Every structure is written in structure tokens, then in C-alpha cells.
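Undergrad: Chains as they are written, first to last, in numbering that gives the first Met the number 0: chain G, 0 to 241; chain A, 0 to 241; chain C, 0 to 241; chain H, 0 to 241; chain L, 0 to 241; chain V, 0 to 241.
Think of the hints as simulated: they come from the structure by calculation, not from any bench. Here the structure is a predicted model, which is why all the values come from computation and not from measurement. Be a bit skeptical, because a hint or two may be false.
As the list claims (entries may be wrong) - In silico DSS-like pairs for lysine-lysine, Cα to Cα no more than 30 Å straight-line:
1. K53/C to K142/G
2. K53/V to K142/C
3. K142/G to K142/C
4. K63/H to K53/A
5. K142/L to K76/H
6. K76/A to K92/H
7. K179/L to K53/H
8. K179/V to K92/C
9. K142/C to K92/G
10. K142/L to K92/H
11. K63/V to K92/C
12. K76/G to K63/V
13. K76/G to K92/G
14. K92/H to K53/H
15. K76/V to K142/C
16. K76/A to K142/L
17. K63/C to K63/G
18. K142/A to K76/L
19. K142/H to K179/H
20. K92/A to K53/L
21. K53/H to K142/L
22. K179/G to K92/C
23. K63/V to K53/V
24. K53/A to K142/H
25. K92/G to K142/V
26. K92/A to K142/L
27. K142/H to K92/A
28. K142/V to K53/G
Protein chains: 6
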Amino acid sequence: MPSRSSALQPLLAFGAHPDDIEFGCGGVVAKETRAGRAAYFVICSRGEASSHGKPMQRVAEAKKSAGLLGATVDFIKLDGDAHLEVRVAHAIKLAIIIRRTRPGIVLAPSVVENQHPDHPRLGQLVRDACRLARYGGVRELRKLPSHAIDQLFYYAVTPEAEPPGVTPVLIDVSPPDVLKAWTIAMQAHASQAAARNYVELQLTRARLRGLCAGCGHAIALFPGDPLVFESLAQAGRSARRF
Amino acid sequence: MPSRSSALQPLLAFGAHPDDIEFGCGGVVAKETRAGRAAYFVICSRGEASSHGKPMQRVAEAKKSAGLLGATVDFIKLDGDAHLEVRVAHAIKLAIIIRRTRPGIVLAPSVVENQHPDHPRLGQLVRDACRLARYGGVRELRKLPSHAIDQLFYYAVTPEAEPPGVTPVLIDVSPPDVLKAWTIAMQAHASQAAARNYVELQLTRARLRGLCAGCGHAIALFPGDPLVFESLAQAGRSARRF
Amino acid sequence: MPSRSSALQPLLAFGAHPDDIEFGCGGVVAKETRAGRAAYFVICSRGEASSHGKPMQRVAEAKKSAGLLGATVDFIKLDGDAHLEVRVAHAIKLAIIIRRTRPGIVLAPSVVENQHPDHPRLGQLVRDACRLARYGGVRELRKLPSHAIDQLFYYAVTPEAEPPGVTPVLIDVSPPDVLKAWTIAMQAHASQAAARNYVELQLTRARLRGLCAGCGHAIALFPGDPLVFESLAQAGRSARRF
Amino acid sequence: MPSRSSALQPLLAFGAHPDDIEFGCGGVVAKETRAGRAAYFVICSRGEASSHGKPMQRVAEAKKSAGLLGATVDFIKLDGDAHLEVRVAHAIKLAIIIRRTRPGIVLAPSVVENQHPDHPRLGQLVRDACRLARYGGVRELRKLPSHAIDQLFYYAVTPEAEPPGVTPVLIDVSPPDVLKAWTIAMQAHASQAAARNYVELQLTRARLRGLCAGCGHAIALFPGDPLVFESLAQAGRSARRF
Amino acid sequence: MPSRSSALQPLLAFGAHPDDIEFGCGGVVAKETRAGRAAYFVICSRGEASSHGKPMQRVAEAKKSAGLLGATVDFIKLDGDAHLEVRVAHAIKLAIIIRRTRPGIVLAPSVVENQHPDHPRLGQLVRDACRLARYGGVRELRKLPSHAIDQLFYYAVTPEAEPPGVTPVLIDVSPPDVLKAWTIAMQAHASQAAARNYVELQLTRARLRGLCAGCGHAIALFPGDPLVFESLAQAGRSARRF
Amino acid sequence: MPSRSSALQPLLAFGAHPDDIEFGCGGVVAKETRAGRAAYFVICSRGEASSHGKPMQRVAEAKKSAGLLGATVDFIKLDGDAHLEVRVAHAIKLAIIIRRTRPGIVLAPSVVENQHPDHPRLGQLVRDACRLARYGGVRELRKLPSHAIDQLFYYAVTPEAEPPGVTPVLIDVSPPDVLKAWTIAMQAHASQAAARNYVELQLTRARLRGLCAGCGHAIALFPGDPLVFESLAQAGRSARRF
């Protein structure tokens, strides 16, 4: 009996590289799809500049991983891996996707600068795209009806990317099936998982958040704008264990 | 069919002066009591140092106002109006009240320093009291079973008291009966309402928040700790109108 | 007997869209022109991407509105509405305008990112242009004598655009003729005023600032650099009403 | 022809130790008294815990120094040097002084914590005292009419005490007679000036601010609340030299 | 061949409760004592207000744990567990200890407010005590020669206590003997370790820091003041793995 | 017997204009080269847009100045003085230089926006280049082996460029030969030194930092990432003089 539209509207997640969404917030996606929400991934490079893994392998890994999380995945070309720039044409391309998929919730990498340069730039582009998708007069977007999303959340691929000065929302990803789906989705990025301790990094982060939140594991999302609540019943409980 | 305990647990609001709760977050209380949640007010002075209104009048106004909001009200004595200091004995007194009322949600004035000095001090005392109420071994508290609240929210009596660096949660107080109950509850503090434009100040603030949130009026609360969500269905929509 | 040059030097305001200056700081302009200061508006698009109003209508509205505020208005073309990018060539174009008009005070939209993407980008371009206008050796600027402005102030088109960590200066716009000129100047943007509650938004903001400042209405400007005072007589009074 | 009351109302400066005002903002006082404003110093200890100088010598130095700046000086006893605590009784004592002297401008040490512990505590006490002086009903204050100051400025005794997140106002203290009066007033605290490079520290700070402000020397003050301006003519020029 | 005095001067760590030092920075202590530095623990309560463990047991656990880390431990009485207030008399008591032990490095709980109320208060007291220990004229301290420490570092007992806006220094605690000593020292607080996942919490935090720092485990300390380096050879490497 | 590689690895400093490195951190370079570390300067324009000095003169000044500091200097062309934009192609060009020179430490202008627009943009480009130099698969970089630097430090050409929220590291540049080398290196930029008080500005800044650090002169560098220490012996002493 969800009274708010976002409960039914799809989730749209953007990643700069084939593994960003999974490493940054894959557990949240697993939880949402298990709750019946549709999830679409849009990946803006094929990881062709990373130290490990060929593009074809990366694409295959991403498809397998998205499947494990219950999401569909599309690849688009902007400037290429490690070459992304902030261009309005890119934001418009992303806004077209938003108008087509009409999501309630959008996930994007955080705009904190001190990380892989593609991440904050994609975060900026998605933020702008969410606005452009709503404006009525943008020439390139006119063929599709405008769309206002409910909420933009930023995810942080690494701890350094967590934005200071934004109070996060912690999503409980403790149910064993959720945690397992997330873990094997990360491991599906075998070329990356083998290179550095990425999977351990994310599980360690989630365990630390979970210990503070009083649950097994949790993932922090950073709201782009204040949340609007009907009442405090929506607030639930908070992370205050220690 | 609320699955989280806070939906049913009472709300406990603390105010330093007889009108602080109403001016700072009365609309939220009106909405919660209309949704069936019990609300208790605890007021820590009788406003004896304010420029207008005698203590007996202030107490009467507060009782009338709480009634209009559907809340009960109690007065306690700490150091007196304009004399509040941060003492552990005060925090323990407040912790005893928390253990007795066992609230899910606690509301307190924000700890931003540049406002009436009693406000941030009471905010600090309530914050500490919420922890003390949970600890098992505090001698003065042992007679009552320990209690862990779900969430502490700060309210801001004036705009200057809104804490920077904390993402607020906006509560929609637009329903006409809610807005009306809040307005007359503020007006019930007749000695204060007559002196400065307090009622207009609060309604103007709430209208500005409402315009940004896409509703009539809204009140910002500032979470003491990150919210923990079961899923993004809880997130609802965000304030992104302009 | 103004001893500082800025008292007589013109004001130059930049807007990304035909209505940004009026909605963001029109009351300040009304007050300055009434005090005898010349005001020039430079608008960097014709609003061709907005949801409401055709470009020709928008231009006509802006001309009418500027006239009501006592300002002249010019339109320049950068990348077009909703397409603005941060390019040095744009900043140089703006620097040429600064060298031509030789303002004491420059007004620009704030550089806070979470608003219409054109706004912070224009803010950045104006900030850079103010510096370029001062440098002696920029090839494209050599035909015009260099010019150092007295002060750059940012205005915020919406509350979200107010920069945290910058202490604002509040300009009292309470005199009835000032408030009226501002209001009808905003209403002159009829295509926009009809669509959302823009006029009410701005008057609500100004009323809230005014209530805090102890006057009728006030508009916050955000200084780009610390103010230099001859003495504390310049400081005037502060907003400390509650 | 000053239109604002603060131009004529006296300045009241508080110091925790006999030399704090001079080292922190003596040049500003010199400039104000030369402009005809009365200045009162209130010093809250006799420096009895400092490494150098006996209390009697410290008091004598402070009297001489205040005279050189054109200010009167009074000593009050709170908890004693290095023993200051934040007590409401102290704030009330300071509020009585504010009601008696009825200043337009109040100067106090900044509330930044990482400095001599007496400094931020006195800053807090003065901040609270300015509010208490305005409230009508504080029992201990009733004999004196309430008073609302125009503006509270914080000064920083050392660079570490400059509050982040507050845009300072820079006061030009370059006129030779002002700079000289300030210098000899600092040197008058002979017991301190001999011990560490305090005088050089302050002149170096002021020279650095002056180089940025485009004048000889300048002192930064940090406003407690936003300034309210009648018009932008009051804004003057800003520090934008490099 | 250490050229700086701190290499040989002892380390002095303060804890509000018997287990705070171990949980907050025990691994750092283990590393320092293994490098030949003396370490003294001063604990300001016997944990008599905690949910688990009797005071005698807590004291015994602390003694055992300190021994495992190679540190001595002393207990002092301030206001008692969960009753600590910020009083100058307490700071003086701590300053006497500093003058007696003459440490190069002092460790204290961070002053972030949203944690156990005793923690930030002890952090403030230690910060003040470090200054008082240096001042020449504090009556209660005169019997002991004044002492200037080299550096004050704050530790965070829980993640919430990590101060925003301070760049941490990460101490590599990866060597197996260090990690093991730290782990068994935490486990020695058996009454606490059994109650909540404290040991796992700290090892998870340290593992996350270690993954970012490119080593096994690391602990973040937060400097009270900027570090002064002889040359960049001192800077070592930084945490930039992802 | 330096155990960390950075003690021997070269230093690579980037400047947007011929004098930025010297004015921003020349004293640090002088100290490092005197300690036997190789230093390379890369300058990204010939200062052709500055108010004073022709490009050929600027280049000659920079060569002379670098020589006085014991550094080599190279000039590269990006977009030209006052025309720098953030382009991936530029970052890749800088990453090639990093891979060729294989520095332990990299110095770049801070990314604070409110300064000469070329400065923060170069800071961003260098920050990105340090990451790109480490990634294995960037097409344009494949001919050179990847390289991970030890640490990126930002320098601030002017006080306004010092990043808030980053704890600086202060480098003692007090030895007479270091201070003299730095001073004459700055003076070697005769075309600039004559125009404004740049040399005095920098020496005043360094003297102020030195007074706080307890040495003659010091320069603040701002670490891009937390420092990782083997032990607290590395921490040395801190700036806590007042």
C-alpha cells in the first residue's frame, strides 16, 4: 500500500565504468529489485583505460553482474574512460535517458573531486540532466515528455568520495540474500576484483556502517536535496548505537 | 500497517521556554497527533525572563497551546529562564523523563550557539540525556529501565538556529487543519505573539520551505544521526522545485 | 558627500536568463537606481529552453522589467539557454563588457552548483571576468583600458543557491516605492510569474530576511571578497532581532 | 552627517587579559577614537596566571595602553586568569555593563576553541550578555533599561582564533598616527612584549591583511550577525588585490 | 638518530573510561611502545555508569590491557563516569599530570559533541590542560616546572567522533605483533567486548583505513595543530590507493 | 638512512605562470634541493597575459630563478596565460611528464576558485594527472610505465588560495641560506616584483607562519590526501606557540 509514487517508479543508476554501480551501491540495488522495483543501469564507458581487463571482458562482466542484481544494463559512449569532460551535450544525452525511463530515483557517483576524475564529472552531468529532463523548452529534448524525478541520491565508490556536509541515508542491506547477491555481483567483475581488494573494501565499508546502524551491513547514500516527509513515521530509526 | 516501532511510539518534545516548541515545530506536532501519535511537551522554564508576559500567564498559554496541538505538557525547573547552564544533573533529570515516557522520537532545540543561550544548552542537555537514558549503570537512573530512542531531531526556533552542514528533513504541514491548529497554537501564546511578529516569522519560514518542497507549508527538522532506511521506498520525494 | 568611488560608479548585473536578475536581486537594483546609481543588465540567453514563454516574449518582458527598475538591458549570446559551458572565451566577452561599463559593483548569480546549471556557470564566468578585466596583458582585451571593480556580490535566484560559509550582507528593500518597483518588475516577467509561484517565492524570502533584519523586506547578497571599511561607522547595524 | 546611530554610539571592548584587546584589535580602537567615538575597555582578569608580569604591573600597563588608544579601562573579576568558566552569572555581570555603557558596537574575543581557554569562554559570555541586555525580564538586570546593541564583532588575538566560515570585515588602520598609536599601545604591555614576539606578530598579521586589502595595514573583525545595509554605497571596496 | 625530541619523549594518553584508549587508538600505542617510547595512560573514571562490568572488574581489565600494550596506567577521579563536566579545576589536575610526565605527544578523545558526553568534555579538558601546563603563572601549578608538549592528537572512539574539517594522520598498525597486541588488549576489556561488537568495530575501522592507506590496518589520529616539518622527507607517503 | 622512498625521489612542481612556484612555495624547494632532492619545474604558460613583463623576459626570469633554487625548468603550452581550461588532453600531457620524471612529491597550485582562474584549473589538472599516471590502460600513456606518486601537496600563491578544511603542513624555511635563496629567486622575477609587493607579500606570509610555528619563517603546504606515518616519531612538533 505505498502511498508515494517512488515506491513503484523505477530506479535509474549511472556509472562511469562497468563496475562503479556495483562497488558503490550494488547492495541497495539488490534490495530494491527484491522489493519489486525495476532497476536500469547506464554505463558511460567500457572501462578501456583501467589497469586490468579488456573492454569486451568488462562489458561481459557488467552484464552478468547487473543480471545478478536484477537490473538491466545499457552502455553509452560519452568521451571514453578516463576522458570524460563536463559538456552540456553529455547532460542532454543523459536527460534523454531519464525522459525515456522516467525513474522515481536516480543514483549517480558523488561530485567530490578527489577520486577518479570521471566519477565527479558524471555526478555533475547526472545532476544537471535531472534538471534538464524537467525543463520544457530544451530543443534536443522536445520529442519526449518532460519528467521530474523524485530524488537524486549520490553514491560513493570509495570512502574518499563521501561528501562532507551532507547527512547520509543508510540503507540496510543485511538480509542474507541481499548481501549475497551484492557480493557475487561485485565478484562478477572478476578482472577488477582480482587486482585490488575492491570487494573487501566495499564489504568492510558496509560492515562498518552496519555496526553503527545496528544491523549487519548498510550502504550510505547522499541525498541531492532535502527529503520531504509526510510524517515522522517515515523517518524510521537512526544510526545511534555507540 | 506500520512496520517500524516509531510509528506508534510517542513523541517527546523539549522546550526551554513556554512557546519554543510551538514556534519551532508546532506544525509537526499537529501532524503527528492527527496521525494518532501521542505527544508530550516538557518545558524547562516558565519564561520568567522574557520581555513580555508573566510566568503564570505563560504557563496558561502553554497549556492551552499544547491542548490545541493534542499534546500534554509538563513544566520542570532547571536553572530558570535565561539562566540555564549545562550540568550533568540536568541531563539526568531529562533522562529520567525519557525513561518514563519511552518515546520513539525526541525533539529538541538545535545546538547552534548564536540564539537565545537557553536554546543550544537545552539542545545539548537533551542530546546527552538521550544517551544517558540508554546506559545501564547510571546510579540516578537505575530505578527505571533503560530506553533507546529511535531518533533525535533538532528544531530551530529562528532561522539563525538552523544548523549548517546538516541535511534537513522537511515535514509537510500543508493540510488546512494542521496549518490552522499550528497557527492558533502559536497565537495562544498571546503575550509573545503580540510583542514581535513571531507568528508571521514562523508561517513565512514554513511557506518558504513549502514553496521549495512543492507543497503549501513545510517545517525543517535536523536529524541528530543518519536515518536508517529499510529501502528507498521510505525516502519519498525531495525538495527540488526550482 | 560619499567618499568612496563605488557610491557613484555604476552597477553591472549579469543574468543567465531574462528574469534571473529581477528574481534574484531586483529589489537591490531598485534601491540603487533610486539613490542615483546607474544600473546595467547583461542577459546571456533569451530563455529559449524554459518551460514557459517564447524568446521574443521573454526579451520584451526583460526590457519592460529593467525599465521599471531604472536599468538598461543588453542581451548577449554565449552558448544559449540550458547550454552554457565554462569557456575562457565567454569570460573574455564578459570582461570586455566590464571594461566598457567600468562598474563599481558587479552582481552575478552564485556559484553554488545545485541549481539551474547555467547559474553557477555564469557566476564562475563573471568571477573570472572581473579578474581578466584587471589584467594588463590579455590579448583580446588590449583595446580597452583595464578596470578594477570595487566589489563582486553574488545573488541567489533561489534559497538553494545561497552559498554556505559566506556571511551575507542584507540590503533593506523596505521602502514602499522600492518594494513596489521590484514587485511589478518581477510581475513583468508574466510568462514565468504565471507558471510557478516565483514572485511569491521572492517576496517570501525577502520578508523572512526582513523579519530577521528588523525591517520590512531585505535581500541577501554574498560578497566575493571581504569588505574593507574605513571605520566601523560603515558597519551599520546587524540582523539580530530574535 | 552619519545617518546610522552606531556612528555616534560608543564602542565597548572586552578582554580576558590586560593585553588582549590591544593585541587583537587595538588598531581598530585607535581609528574609532580618532573619529570621535568613545571607547570603553572591560578587562576580566589582571593576567595573574601569565608567564610574565605581575598583576599590578599588568594593570598599570593596561591603563597606559588604553590611554594611548583614547579608551577608558575597567577591571572586573570573574573567575580569575586561566580559570574562567562559562557561567550565567558572569554573562549577567557583562550585561549590566552593556546596559550601563549602552554601546553601538561590542568587541569580544572569538569563540574559536583552540586558543587560550579564557578567550573563547569570554567570547561566549559576551555573546550571551548582548542578548540578555536586550531581554526585558531578567531579574538581576531590571534596574537598568534594556539595550540592544547594533553589532557584535569578534576579534582574534592570534591567527588560530580567526573563525572559519565567517567572512571578515577588514578595517584599514594604515594612517600613520593610527598605526603608531596601536604600536605604542602594544609596546606599553612591556611585560608581554618582551617575552614573545607579540608586537611583531600583530603587525605582521595586519601588514598581510593590508597587502591583500590594498592598503598599508588592516585588521580583520568577524561579524556576529549579517550586516544590514541601507544601500550598496555602504559596501565600499573589497580586498581583491591579487 | 632521531633529531626531534618527540622521538624519545613519552606518550601520554587520556581516557574517560577504562577502555577508551584501547578502543580508540590502542594500536598506535602498541606501535610506539614497540619502538621504545614510554606510554602512560590516565583514566578519568572507573566506568561505573556503563551498562556492563563493575568498577573493580573494569579497573582490572584496564590494568591488564595497558600491560599488554606496554603502558602504565593511572586512575584519577574527576566527576565520575557519565558525570564529567568542563571545570577549570579538572583541567588543572590534568595539567599537573602533564607537568609530571612531561610527554612529547598527548592523546585525547576528540571534541566532537555527538558521542558519549564524557568524551568530548575530556577532550576539551586535555586541550586546555596542555596550554595551562605551558603557562608560567597558574597558582596551582607553580610547584612543577612548566612544560610544552610537542603535539596533541585526538583519537575517535567511534566513527561518529572523527572531526570533520581536520585532515587526519594515519598510523600504520599492520605489523602482526602490533595488530595482535592491540586485539588482545581490546579483548582484555572482557566486560565490554562481550556486550557489543566493539572489537570488531575497531578492527573493521582500522582495516578500512588500511585498505585506503595501502597497508593492512591503520588508525587515524587528528592533529590539534598543524604539523611543522623540517623537510618533505618527513611527509612520507599518503593514502591514495583508489 | 631514510627508509621511505620519497626521501630520495624527485620533486615535481607545476606552475601556471613563470613565477607561481617561486612565490607560492619557493622556500620549500630551496630547502629540498639543499637536502639533496632533485627538483623539476614545469610551467604552463609564458605569462603573456600579465600586466607586466614580456614573455621572453618572463621565461628568462623563470630560468634564472629556478637555477637559484637548484631546480630545472621546462615550459609547456596548454591554452596560454589567462586562457587555461580543464581539458582531459591537458591532464594527459601532465601525466606524461609525471611518468617521465617519476617524482615522489608533486606540488601544484591549490584548487580554491577565488584566485587567478589559471591557478585552480592547473591544480585540478595536476590532481587528475597524478591519477592518470597511475592507471594502466590510458591509451596516450601506454608507452611509459605507470607511476604512483607518494604525495600531492597544494601550494597557495596568495592567502586567499589557502583551502579551508585542510590541515596544512608547515615547512620550516628559516635557515639563512634557504631564506636568502628563496628571496633572491623571487626577486629574479624582476618584472613582477617591481609591479606589486609580491616579494613582501610572501615573506610576510612566511614570517607569520614562522611566528606561529616557533621558527623564523615557514611555508604552508596542503596535503591532497591524509599522510600515512610509520610511527609518531614522524609527526615531529606542531605549531602551538600562542
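Undergrad: Are the hints correct? Go through all of them and say.
TA: Going down the list of hints, with the structure as the test:
no. : hint             : verdict
1   : K53/C to K142/G  : 18 Å, holds
2   : K53/V to K142/C  : 18 Å, holds
3   : K142/G to K142/C : 46 Å, violated
4   : K63/H to K53/A   : 48 Å, violated
5   : K142/L to K76/H  : 25 Å, holds
6   : K76/A to K92/H   : 23 Å, holds
7   : K179/L to K53/H  : 54 Å, violated
8   : K179/V to K92/C  : 43 Å, violated
9   : K142/C to K92/G  : 40 Å, violated
10  : K142/L to K92/H  : 33 Å, violated
11  : K63/V to K92/C   : 36 Å, violated
12  : K76/G to K63/V   : 47 Å, violated
13  : K76/G to K92/G   : 10 Å, holds
14  : K92/H to K53/H   : 25 Å, holds
15  : K76/V to K142/C  : 25 Å, holds
16  : K76/A to K142/L  : 43 Å, violated
17  : K63/C to K63/G   : 59 Å, violated
18  : K142/A to K76/L  : 25 Å, holds
19  : K142/H to K179/H : 41 Å, violated
20  : K92/A to K53/L   : 24 Å, holds
21  : K53/H to K142/L  : 18 Å, holds
22  : K179/G to K92/C  : 56 Å, violated
23  : K63/V to K53/V   : 15 Å, holds
24  : K53/A to K142/H  : 18 Å, holds
25  : K92/G to K142/V  : 33 Å, violated
26  : K92/A to K142/L  : 40 Å, violated
27  : K142/H to K92/A  : 33 Å, violated
28  : K142/V to K53/G  : 18 Å, holds
In summary, the structure is inconsistent with hints 3, 4, 7, 8, 9, 10, 11, 12, 16, 17, 19, 22, 25, 26 and 27 from the numbered list given earlier, while agreeing with the others.
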